[in-house]
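Each chain, letter by letter, is given below.
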Amino acid sequence: MIADHLPALQVVLPLVAATVCAMVDRRHVAYVIALLTSFAMPLIAVALLIQVLDQGVISYAMGGWEPPIGIEYRIDVANAFVLVILSLVAALIMPYAARSVAAEIPENKQAWFYCMYLLCLSGLLGITITGDAFNAFVFLEISSLATYVLIAMGADRRALLAAFQYLVMGTIGATFYVVGVGLLYTMTGTLNFADIAARLQELDIETSRPVLAALAFITVGIGLKVAMFPLHAWLPNAYAGAPSVATAFLAATATKVAVYLLLRYFYTIFGFDVVFVQHPVAQVLLILAVAGMFAGSLIAIFQDNIKRMLAWSSVAQIGYILLGVSLINHTALTGGIVHLFNHALIKGALFFAVGGFALMAGTVRISQLAGIGRTMPVTMAAFVLAGLSLIGVPGTVGFVSKWYLVLGAFEAGMWWVGFLILITSLLAVVYLGRVVEVAFFRDPEGGAAKAIEPPLSMLAPTWILVAACIVFGIDAELTAGTAMQAASVLIEGLR
Amino acid sequence: MRLDVILRVIAKLLLPFTVVFGFYVHFHAETSPGGGFQAGVVIGAGVILYAIIFGLDEAIKIVPVRVVELLVSVGTLIFLGVGIVGWLLGGNYLDYYALPIADPIISQEVGIHLVEIGVLMAVTGAVIAIFYAFAGRGRSR
Numbered sequence: 039m040i041a042d043h044l045p046a047l048q049v050v051l052p053l054v055a056a057t058v059c060a061m062v063d064r065r066h067v068a069y070v071i072a073l074l075t076s077f078a079m080p081l082i083a084v085a086l087l088i089q090v091l092d093q094g095v096i097s098y099a100m101g102g103w104e105p106p107i108g109i110e111y112r113i114d115v116a117n118a119f120v121l122v123i124l125s126l127v128a129a130l131i132m133p134y135a136a137r138s139v140a141a142e143i144p145e146n147k148q149a150w151f152y153c154m155y156l157l158c159l160s161g162l163l164g165i166t167i168t169g170d171a172f173n174a175f176v177f178l179e180i181s182s183l184a185t186y187v188l189i190a191m192g193a194d195r196r197a198l199l200a201a202f203q204y205l206v207m208g209t210i211g212a213t214f215y216v217v218g219v220g221l222l223y224t225m226t227g228t229l230n231f232a233d234i235a236a237r238l239q240e241l242d243i244e245t246s247r248p249v250l251a252a253l254a255f256i257t258v259g260i261g262l263k264v265a266m267f268p269l270h271a272w273l274p275n276a277y278a279g280a281p282s283v284a285t286a287f288l289a290a291t292a293t294k295v296a297v298y299l300l301l302r303y304f305y306t307i308f309g310f311d312v313v314f315v316q317h318p319v320a321q322v323l324l325i326l327a328v329a330g331m332f333a334g335s336l337i338a339i340f341q342d343n344i345k346r347m348l349a350w351s352s353v354a355q356i357g358y359i360l361l362g363v364s365l366i367n368h369t370a371l372t373g374g375i376v377h378l379f380n381h382a383l384i385k386g387a388l389f390f391a392v393g394g395f396a397l398m399a400g401t402v403r404i405s406q407l408a409g410i411g412r413t414m415p416v417t418m419a420a421f422v423l424a425g426l427s428l429i430g431v432p433g434t435v436g437f438v439s440k441w442y443l444v445l446g447a448f449e450a451g452m453w454w455v456g457f458l459i460l461i462t463s464l465l466a467v468v469y470l471g472r473v474v475e476v477a478f479f480r481d482p483e484g485g486a487a488k489a490i491e492p493p494l495s496m497l498a499p500t501w502i503l504v505a506a507c508i509v510f511g512i513d514a515e516l517t518a519g520t521a522m523q524a525a526s527v528l529i530e531g532l533r
Numbered sequence: 058m059r060l061d062v063i064l065r066v067i068a069k070l071l072l073p074f075t076v077v078f079g080f081y082v083h084f085h086a087e088t089s090p091g092g093g094f095q096a097g098v099v100i101g102a103g104v105i106l107y108a109i110i111f112g113l114d115e116a117i118k119i120v121p122v123r124v125v126e127l128l129v130s131v132g133t134l135i136f137l138g139v140g141i142v143g144w145l146l147g148g149n150y151l152d153y154y155a156l157p158i159a160d161p162i163i164s165q166e167v168g169i170h171l172v173e174i175g176v177l178m179a180v181t182g183a184v185i186a187i188f189y190a191f192a193g194r195g196r197s198r
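These protein sequences, in sequence, are chains A and B.
According to the working numbering, the residues represented by the first sequence are 39 to 533, in order.
According to the working numbering, the residues represented by the second sequence are 58 to 198, in order.
Derived by calculation from the structure, the hints in this document are not laboratory data.
Each residue gets a CB set at the ideal place from its N, CA and C atoms; glycine is no exception.
Be aware that a few hints might be false.
[Said to hold, decoys possible] Pair ranges (Cβ atoms, derived):
{"hint": "1", "chain 1": "B", "residue 1": "F191", "chain 2": "A", "residue 2": "E244", "range": "34 to 42 angstroms"}
{"hint": "2", "chain 1": "B", "residue 1": "V122", "chain 2": "A", "residue 2": "H43", "range": "55 to 63 angstroms"}
{"hint": "3", "chain 1": "B", "residue 1": "S89", "chain 2": "A", "residue 2": "G102", "range": "25 to 33 angstroms"}
{"hint": "4", "chain 1": "A", "residue 1": "R196", "chain 2": "B", "residue 2": "L71", "range": "51 to 59 angstroms"}
{"hint": "5", "chain 1": "B", "residue 1": "E87", "chain 2": "A", "residue 2": "Q93", "range": "50 to 58 angstroms"}
{"hint": "6", "chain 1": "A", "residue 1": "S495", "chain 2": "B", "residue 2": "R123", "range": "26 to 34 angstroms"}
{"hint": "7", "chain 1": "B", "residue 1": "P157", "chain 2": "A", "residue 2": "F77", "range": "27 to 35 angstroms"}
{"hint": "8", "chain 1": "A", "residue 1": "P268", "chain 2": "B", "residue 2": "G195", "range": "34 to 42 angstroms"}
{"hint": "9", "chain 1": "A", "residue 1": "V67", "chain 2": "B", "residue 2": "P157", "range": "27 to 35 angstroms"}
Use the sequences and the hints to build the structure in full.
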């Protein structure tokens, strides 16, 4: 019986857990609730993925109202894959969070922190799982509002400004999205993804301006959430200001979900022909992706705050993912989708390590972390290995993603894109190299000299992610295989 | 200081009507515009009016911060709980037809009413919480 209700359980469980956390308002109880809920998430997500691989698409009618009238939760390989990413990150982050949150968040706000984290998680899971355009908007708002609060809980006063900046930008993005959905609704009279797609087929889109306007509004709206260049301005401040746990969680999940939603609109709803053949969306995306890759990597080189540096690097990595979308072939899309997963692993591991520095050395400034590699060798080794993955050294997950992207670029007849990927990877060597140089080749001083390794509860999740970076880098069968299927589902879903 | 007698008297007079009107908006929503959300804002506004006239401390005495927090979380939990009841009784999530009532139309009615009570509580709490947060700025420091 429970197996039939897994789609709803995936979203409802964290939502209920969040309200219970707020209700009890005791930090230890809230932590246990958040921990158990986070552990339950991957069980549900993996069960769903297995079910989907086994029997095909799962459809769940909310409230018993059959789609397209009611809200439908619709799971295919593509979003089952994203659900697994999200829930795995959630399960790893909660054991890690205990010490870091205790140190960074005031005691009376910790229960609310876990409440907001669970709300954000359930919002992200909801966006991924739903098959309804407006329901996706509601979950987008749930996750965004929770994210603003998470960011504002950062110790630094600048976190407030960053949260406000993201609030303004995020609200604009959400408004654009809902305007787009409104236009689609006027033209088709439905909000169900599959139903919108079917009805758009009957329309002559060339002469139907509102549909094209909807495409534009939705692309820009979600683009803001993706932090697509040049709509990325909120991201570095937000990631730099948020508490370490929130940064790690958001960096590994939030933008991934937005990319998924964008893919859903491009492929499932508007369809390949409309988006990529009749209109130059791919060309525009390609330019923006490459610009993001270069701008992000170049600016990352000049950052002193490691969190901010990694945030700029995220802007670049989102560029890679969008590049996979914009090359419009199966191989490149596989690369983009597998990079969703791989980048979640890599950035999760890197921010986990940085959270360790913040807790034990009391700083995340490169200039103050001299010699940290000698006093915290285990953490720093994790940072280096995850950094190598980010660069894309063979044998790591970063290589797998870039391999597919470069293959896709050649397949599309754009060899020079492969060359650009290589250059931006070299830029990653530069900005990560700076950290390594300071950490290993300078004598420890200040906070870094007195630092010791963080507790096992933080080291273990970090190293699990690092190990995953290497395991899935050597044997990419599982991740790339699933990504390939997801790419097939998306590309076929349109015909 | 005591020149605001008119304000105080009128505010006290208005208060019960505001709350009753809130409940009217809530329960009459079946046949007219309204609902838990609008009613929550009206009732919340009543508390805010009281706080503006008599001061934040007086308002907090009547509606303590902890009560506001509980309103928000318990209200949300009621909404989610109605969905879970549908589950336990063999329907899909939020399926009101699964509620143990013979007439399906009445079971839909009961379901939505229960959900709206949750919304009413959550919104009342949220509106008051926002006001408390703004009005209390700089006090704790």
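Comparing the hints with the structure gives:
1. Look at F191(B) against E244(A): about 51 angstroms separates their beta carbons, and that is not inside 34 to 42 angstroms.
2. With their beta carbons about 36 angstroms apart, V122(B) and H43(A) fall outside the hinted range of 55 to 63 angstroms.
3. Between S89(B) and G102(A), the C-beta spacing of about 27 angstroms keeps the proposed range 25 to 33 angstroms intact.
4. Range check, R196(A) to L71(B): Cβ separation about 43 angstroms, and the 51 to 59 angstroms hint is violated.
5. Between E87(B) and Q93(A) the Cβ separation comes to about 41 angstroms, which falls outside the hinted range of 50 to 58 angstroms.
6. Range check, S495(A) to R123(B): about 31 angstroms between beta-carbon atoms, so the 26 to 34 angstroms window is met.
7. Separation of P157(B) from F77(A) is about 33 angstroms and conforms to the stated range, judged on CB atoms against 27 to 35 angstroms.
8. For P268(A) and G195(B), the Cβ-Cβ distance of about 37 angstroms falls inside the hinted range of 34 to 42 angstroms, so the restraint holds.
9. Distance hint for V67(A) and P157(B): a CB-CB separation of about 32 angstroms, consistent with the stated range 27 to 35 angstroms.
Hint compliance for this structure: hints 1, 2, 4 and 5 are not met, and every other hint is.
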